[in-house]
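Turn these sequences into a full structure, and let the hints guide you.
As you go down the protein sequences, you meet chains A and B in turn.
Under the working numbering, the first residue of the first sequence carries the number 204, and numbering increases by one thereafter.
Under the working numbering, the first residue of the second sequence carries the number 312, and numbering increases by one thereafter.
I should point out that these hints are in silico values taken from the structure, not numbers from a laboratory.
What you are looking at is a predicted structure, and each value in this text was computed from that prediction instead of being measured.
Note that CB positions come from ideal geometry on N, CA and C, so glycine has one too.
Just so you know, not all the hints are guaranteed correct.
[Unchecked claim] Some chain B residues near chain A, calculated using beta-carbon distances under 7 Å:
no., residue
1, 483
2, 528
3, 552
4, 561
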Amino acid sequence: MEVPILKQGEVLIATFQAALSDADLNHLRMGLVQQVVKFRSRAVIVDVTAMDVMDSFASRTLREIALMIRLRGAETVIVGIQPEVAFAMVQLGLTLEGVATALDLEEGLAYLNEKFKTTN
Amino acid sequence: MSKRELTSKDSGTRGNPRVEIVRSEAPSELLRELVAHLRQNRTQLREEWVVRITETRLLTAMTKEEIFAEATSVYDSYVEALETEAFEALQAYARNLSERIIPRGVETHEVVGIVLLLRDVLARSLFAKYQTDFKKLNRILDAYEPAANRIANTVAVGFVQERERVIRQQQEAIRELSTPVLQVRERLLILPIIGVIDPQRARQLTEQLLRGIRTNRAKVVVIDITGVAAMDVTVANHLVQTVEASRLLGATVIVTGLSPEIAQTLVTIGVDLGKMNTVGDLQGGIEQAERLLGYKVVTLAEPR
Numbered sequence: 204m205e206v207p208i209l210k211q212g213e214v215l216i217a218t219f220q221a222a223l224s225d226a227d228l229n230h231l232r233m234g235l236v237q238q239v240v241k242f243r244s245r246a247v248i249v250d251v252t253a254m255d256v257m258d259s260f261a262s263r264t265l266r267e268i269a270l271m272i273r274l275r276g277a278e279t280v281i282v283g284i285q286p287e288v289a290f291a292m293v294q295l296g297l298t299l300e301g302v303a304t305a306l307d308l309e310e311g312l313a314y315l316n317e318k319f320k321t322t323n
Numbered sequence: 312m313s314k315r316e317l318t319s320k321d322s323g324t325r326g327n328p329r330v331e332i333v334r335s336e337a338p339s340e341l342l343r344e345l346v347a348h349l350r351q352n353r354t355q356l357r358e359e360w361v362v363r364i365t366e367t368r369l370l371t372a373m374t375k376e377e378i379f380a381e382a383t384s385v386y387d388s389y390v391e392a393l394e395t396e397a398f399e400a401l402q403a404y405a406r407n408l409s410e411r412i413i414p415r416g417v418e419t420h421e422v423v424g425i426v427l428l429l430r431d432v433l434a435r436s437l438f439a440k441y442q443t444d445f446k447k448l449n450r451i452l453d454a455y456e457p458a459a460n461r462i463a464n465t466v467a468v469g470f471v472q473e474r475e476r477v478i479r480q481q482q483e484a485i486r487e488l489s490t491p492v493l494q495v496r497e498r499l500l501i502l503p504i505i506g507v508i509d510p511q512r513a514r515q516l517t518e519q520l521l522r523g524i525r526t527n528r529a530k531v532v533v534i535d536i537t538g539v540a541a542m543d544v545t546v547a548n549h550l551v552q553t554v555e556a557s558r559l560l561g562a563t564v565i566v567t568g569l570s571p572e573i574a575q576t577l578v579t580i581g582v583d584l585g586k587m588n589t590v591g592d593l594q595g596g597i598e599q600a601e602r603l604l605g606y607k608v609v610t611l612a613e614p615r
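Right, here's the structure in full:
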């Protein structure tokens, strides 16, 4: 399944679909980092609004994506985690520690604007 | 229902010892006879029962007329249960009865008490009726006792089940009342918690908070637990989980109002307090939240 990745200035926006297989996630992990390299992006927003479940593999993959992208000097923000999903995740101990999160795309972009302002 | 005795007199058998063959009634026949007797003497037995209830000072919350009315329907249901052995119907009746009398303040021991009194009254009437035929009395009691005990059991259980249902309903109502999520500024929510938090309530609080964060697009939440006296391990961990889940939705949580007892509990059980942002009291919590959101509070004029 192809995950659409949009470019908005220095930010890449990847919108995860509802049912992503492990293979899809692995594909994405590589793909996103390659895109960051290609466009010299400063940040990636991963929008998981459509995901109604988040298992440990998906959660770990998100963390790995964030860490890999940070090695390229770019920031990752996960947005759109649903309340029920958030609740289930913390019960399983999947806290996405060290990865920035925001309520939705708008908030994610606002967060990055603030961050870029202070670092520029 | 005939009893037939074979004696050496009427049999033609040679030198055989005396044999007594008694044809006994089937249990269902006995039950029918029993039920018929209880129906025939309904008025008198019911009256006797009501007298006993008053003597034992049960159902004091009800008037004599009410007791009589309920006694009539209970008596009839009792006899019907004996006859049909349909205990589900009896249980439904017991729950229905409980629904009526629990709000009147009738206690479990009273309900069990009156059912047992009825059992006694009916048993005595059987003793009286069959006093000349001890063997028959025993057979009648063999049919009566298990059924009567089952009835007492069924009614008691039905009553208790109804009480438990009412309690659950009240608990649900209390839970709903007591977990408001309040918006006090743009992007700032307050969740004041008062009373006892059990795991179920904790779970409900979290769900409501997370929904509130999304609906109000909150960036900061102040959870105030001034009104919570004590917290156990499960609930403390749940609080930490609530903080983590809120972060996943992009909101920062500030916990305020930890009592000395709760502070002690949290430290003792080793909750990871690094994950929790805490401030002394609600006022301090709101002030910090405002700072985080970029608000500044200025006094324009002296308060009048």
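Can we keep the residue 561(B) interface hint, with Cβ of chain A closer than 7 Å? With Cβ-Cβ at 4 Å, under 7 Å, it holds.
Would you check whether residue 552(B) satisfies its interface hint, that is, whether its CB is within less than 7 Å of any CB in chain A? Hint on residue 552(B): holds, closest Cβ of chain A at ~4 Å, below 7 Å.
Interface hint compliance - residue 483(B) to chain A, C-beta minimum distance less than 7 Å: violated (20 Å)
Would you settle whether the hint for residue 528(B) is holds or violated, based on the nearest Cβ-Cβ distance to chain A being less than 7 Å? Holds - the Cβ of residue 528(B) comes within 7 Å of chain A, reaching about 6 Å at its closest.
Hint 1 alone, counting from the list given before, is not met by this structure.
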